[in-house]
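First to last, the protein sequences are chains S and B.
Sequence positions in the first sequence follow the numbering used here and run 1 to 414.
Sequence positions in the second sequence follow the numbering used here and run 415 to 639.
These are computed hints drawn from the structure, not numbers from a lab.
A hint or two may mislead.
Unchecked claim - With a cut-off of at most 20 angstroms between alpha-carbon atoms, the simulated SDA-like pairs for lysine to any residue come out as follows:
{"hint": "1", "chain 1": "B", "residue 1": "Lys506", "chain 2": "S", "residue 2": "Arg278"}
{"hint": "2", "chain 1": "B", "residue 1": "Lys635", "chain 2": "S", "residue 2": "Leu234"}
{"hint": "3", "chain 1": "S", "residue 1": "Lys260", "chain 2": "B", "residue 2": "Thr565"}
{"hint": "4", "chain 1": "S", "residue 1": "Lys291", "chain 2": "B", "residue 2": "Phe605"}
{"hint": "5", "chain 1": "B", "residue 1": "Lys635", "chain 2": "S", "residue 2": "Arg278"}
{"hint": "6", "chain 1": "S", "residue 1": "Lys246", "chain 2": "B", "residue 2": "Met415"}
{"hint": "7", "chain 1": "S", "residue 1": "Lys374", "chain 2": "S", "residue 2": "Gly350"}
{"hint": "8", "chain 1": "B", "residue 1": "Lys611", "chain 2": "S", "residue 2": "Lys210"}
{"hint": "9", "chain 1": "B", "residue 1": "Lys579", "chain 2": "S", "residue 2": "Tyr359"}
{"hint": "10", "chain 1": "B", "residue 1": "Lys579", "chain 2": "S", "residue 2": "Leu234"}
{"hint": "11", "chain 1": "S", "residue 1": "Lys210", "chain 2": "B", "residue 2": "Leu498"}
{"hint": "12", "chain 1": "B", "residue 1": "Lys635", "chain 2": "S", "residue 2": "Leu248"}
{"hint": "13", "chain 1": "B", "residue 1": "Lys503", "chain 2": "S", "residue 2": "Asn274"}
{"hint": "14", "chain 1": "S", "residue 1": "Lys291", "chain 2": "B", "residue 2": "Lys506"}
A quick note: this is a predicted structure, and the numbers were derived from the prediction, not measured.
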Amino acid sequence: MKLFVQYTRINFVAVLLVLLVASLCYYFLIRFVLIDQLDDSLRVEEQEILDNLHRKGTLPESTQYRDQQIRVSDTTLLFRRQFISDRAIGRFGKMRRIRRLIFPVSVRGGLYAVSVSKSQQEADELLGWIGLVTGGVVLLLFLALFLVNRLMVRRLWRPFYRILESVRQFTLAGRRSIAPVETSIDEFADLERSMQQMTARVLQDYESLKNFTENASHEMQTPLAIINSRLDLLIQDRHLEESQMKQLQIIYDATGRLTKLNQSLLLLTKIENNQFDRLVEVRLDRLIGDKMAQLEDLVSAKQLGLTVNTVPVSLEMDEYLAEILLGNLLNNAVRHNLAGGRIAVDLVHGGLRISNTYYPLGFDSSGIFDRFQKGDRSQGTGLGLAIVKQICDRYRFGIQYAYMEGQHVFTLSF
Amino acid sequence: MKVLIIEDEKVLGESIVAYLRGEDYLCELAETFSQALEKIETFQYDCILLDITLPGGSGLELLRELRANRSLDGVLMISARNSLEDKVKGLKLGADDYLPKPFHLSELGARVEAIIRRKQFQGNHVLRFNELSIDTQARTATVQDQPLVLTRKEYQLLLYFASNKGRVISRNALAEHLWGEDMDVADNYDFIYTHIKNLRRKMTQLGSEDYIQSIYGVGYKFGVR
Numbered sequence: 001m002k003l004f005v006q007y008t009r010i011n012f013v014a015v016l017l018v019l020l021v022a023s024l025c026y027y028f029l030i031r032f033v034l035i036d037q038l039d040d041s042l043r044v045e046e047q048e049i050l051d052n053l054h055r056k057g058t059l060p061e062s063t064q065y066r067d068q069q070i071r072v073s074d075t076t077l078l079f080r081r082q083f084i085s086d087r088a089i090g091r092f093g094k095m096r097r098i099r100r101l102i103f104p105v106s107v108r109g110g111l112y113a114v115s116v117s118k119s120q121q122e123a124d125e126l127l128g129w130i131g132l133v134t135g136g137v138v139l140l141l142f143l144a145l146f147l148v149n150r151l152m153v154r155r156l157w158r159p160f161y162r163i164l165e166s167v168r169q170f171t172l173a174g175r176r177s178i179a180p181v182e183t184s185i186d187e188f189a190d191l192e193r194s195m196q197q198m199t200a201r202v203l204q205d206y207e208s209l210k211n212f213t214e215n216a217s218h219e220m221q222t223p224l225a226i227i228n229s230r231l232d233l234l235i236q237d238r239h240l241e242e243s244q245m246k247q248l249q250i251i252y253d254a255t256g257r258l259t260k261l262n263q264s265l266l267l268l269t270k271i272e273n274n275q276f277d278r279l280v281e282v283r284l285d286r287l288i289g290d291k292m293a294q295l296e297d298l299v300s301a302k303q304l305g306l307t308v309n310t311v312p313v314s315l316e317m318d319e320y321l322a323e324i325l326l327g328n329l330l331n332n333a334v335r336h337n338l339a340g341g342r343i344a345v346d347l348v349h350g351g352l353r354i355s356n357t358y359y360p361l362g363f364d365s366s367g368i369f370d371r372f373q374k375g376d377r378s379q380g381t382g383l384g385l386a387i388v389k390q391i392c393d394r395y396r397f398g399i400q401y402a403y404m405e406g407q408h409v410f411t412l413s414f
Numbered sequence: 415m416k417v418l419i420i421e422d423e424k425v426l427g428e429s430i431v432a433y434l435r436g437e438d439y440l441c442e443l444a445e446t447f448s449q450a451l452e453k454i455e456t457f458q459y460d461c462i463l464l465d466i467t468l469p470g471g472s473g474l475e476l477l478r479e480l481r482a483n484r485s486l487d488g489v490l491m492i493s494a495r496n497s498l499e500d501k502v503k504g505l506k507l508g509a510d511d512y513l514p515k516p517f518h519l520s521e522l523g524a525r526v527e528a529i530i531r532r533k534q535f536q537g538n539h540v541l542r543f544n545e546l547s548i549d550t551q552a553r554t555a556t557v558q559d560q561p562l563v564l565t566r567k568e569y570q571l572l573l574y575f576a577s578n579k580g581r582v583i584s585r586n587a588l589a590e591h592l593w594g595e596d597m598d599v600a601d602n603y604d605f606i607y608t609h610i611k612n613l614r615r616k617m618t619q620l621g622s623e624d625y626i627q628s629i630y631g632v633g634y635k636f637g638v639r
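Pulled out of the complex, with its shape left as it was, chain B reads as follows:
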């Protein structure tokens, strides 16, 4: 799957490329408006990460260009100007999602995964991983076709993990994902631990392999050990 990252901040662009590459994405980086324009006119991508502030033009302009030509590429806007106005404008112009800076790469990974899943499989909303499958529309999960009864937070955790397979996810990223930004992260480490413990128990009870691995001190990793 091809992902285009349009980001003028080179170091940040490279981080995103490095993170997504591990998820079997083919990544390309464009650092300027003209570079980006050239690439989107020439190639097709499954997902485009679009920074709104670019040297040489606005990301919103690129988005307009993109939507005028063809409408299949998924677009995730990223912006340092966390403004509602940009967000609304972008979504109106046909962006699929909006992520303000600064963000965790795992959050970005989950959003990209969701966009691609929706775009590529034309409304496919089931995410599969070995014996596990997650129906993102019904918000349910099964292990070997047996229903996995989860609380809201456990479901959110599972989906987040499954969208970031094989990656270490920091507790901070998990806390932010589950409780939003207005929560004090440090308060929630214990809760994360509790939710993960329960999720793990419920999964293994149904005969799932234990995919959740604690990485001491910082977070968790989901995947085959």
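So here's chain S without its partners, still in its complex pose:
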């Protein structure tokens, strides 16, 4: 539920309650005042009757004049003077509410009950009008609230939705903090400022992390070069025994892996940092030919059935990245393949598909482009496909992976 719907709902209920209580108080107060007035005029009538009795010694006749009625009756019971609210049939035969004062009078030994009644109609009408006006005000108030919510609230919240939109569109790769939003509302200005600060900080952290990765990778090159060179020198020694040579080979291999890992990390960071921007026309079909020639030893050793269908396709991109992209995909297709398996490479305008036979992945395929995600059988760095993805993202190529009928299929669209 939207904040302002909820807010409006609470507002409505509160306003309704207050108005209800207020109009009830209002009603009773006015009613009390009106009846008090009526009672006063009844008292005046009583006084007149009593004055008349003193002066003339007679009681008035029972009369009815307009909305006033006087009735005199004998009584044997002594009762207390009292005001009564009652109903009576009025002038036009309708039931009307009346106010009546009834008091005892004794005249020459006889006891009489005198009742003076006045119609409450005027007071009731007044109350009715007041009620009507109050109701109208309530309705008007609700209408105003409703309109304010419809028109104003939406406008008031506009900066909020703008901020939300720019937060949604914020990406690290975009390298821009969120766009400023003009607002005179303190809360939104605060929010906007905090979001800006946060995104700026995130970008800065991300930047320094990337720099760190790049620097760390660079710093590792020299020690690796030293290890490599010392190994190269060490194997020149004529006195080394076979067992020692074997140990050296293991060190060689491990150093080689470390070097490759390091270079892959460096490459990833460099692609992220857009350090490859030498755009040239790259002929993909030729590049595929070159790469397959490089892999021919492995292809023939594994006795892979190779189907390569290409048409001349050229793309504008960095040549080195194009080499890496195709190299990684084709290397994988050859390396992760069964003896006697198959590879199919189809290059058409706008797309490239590389498929190869191999065991199923063994992990969730949605993570196939993640860093260091690799199958149990893989000897690679686990960065090859992450680099592929990075290059595709860089040039807005689409890349999809699927496992179908025993085949791993990578589909590139550009």
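Following the hints, position chain B against chain S.
Here is chain B on its own, set in the frame of chain S:
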């Protein structure tokens, strides 16, 4: 032949000196910008190995200095910042080749040999070793003037061996040289073995001595036994 190694990482510089010295090169080591500047201003070298990041200045600056004065010294840039930009800048400034760290000394040896051959003999592109000669321009080889028909990889192997005579070359270095860095080295040991076996057979068939010697467990050595 005189080679100047400009490398601030002493241990690495010494390794290079030790490796190249065996190849009949006269090696000198400079560890700082000023040392290097002094040496290149005073002496002439057949090849200069130039590290780009140096204490006291950039290797590219030295290269500019060098090319401003005279242009005969061969220059091989080495750099820990494997950046295309440095490479392009260096080659534009007149460096002959570029080798990113980390590298195998045999790779360095082959590059140095190629630079010196080109520089010293003014475009001489034939490399000779006893009855064997390799034409690096035509990419052909002969044994006692009979053509040695080689595949591309076999030719690359032979040239690499001949540029690192008498040195043990690791299989890792060979694999990297033949297949580049983006290949998994371990995959290729068997292929190296096959290519070498074929190369050896082709050479000895033409009456060449068998110069390729297996060093058990790690690699091969090319030279007179």
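Now the hints, each set against the structure:
no. : hint                : verdict
1   : B:Lys506 x S:Arg278 : 16 angstroms, holds
2   : B:Lys635 x S:Leu234 : 14 angstroms, holds
3   : S:Lys260 x B:Thr565 : 28 angstroms, violated
4   : S:Lys291 x B:Phe605 : 17 angstroms, holds
5   : B:Lys635 x S:Arg278 : 40 angstroms, violated
6   : S:Lys246 x B:Met415 : 35 angstroms, violated
7   : S:Lys374 x S:Gly350 : 29 angstroms, violated
8   : B:Lys611 x S:Lys210 : 46 angstroms, violated
9   : B:Lys579 x S:Tyr359 : 45 angstroms, violated
10  : B:Lys579 x S:Leu234 : 16 angstroms, holds
11  : S:Lys210 x B:Leu498 : 19 angstroms, holds
12  : B:Lys635 x S:Leu248 : 16 angstroms, holds
13  : B:Lys503 x S:Asn274 : 18 angstroms, holds
14  : S:Lys291 x B:Lys506 : 28 angstroms, violated
When held up to the earlier numbered hints, the structure conflicts with 3, 5, 6, 7, 8, 9, 14 and fits the remainder.
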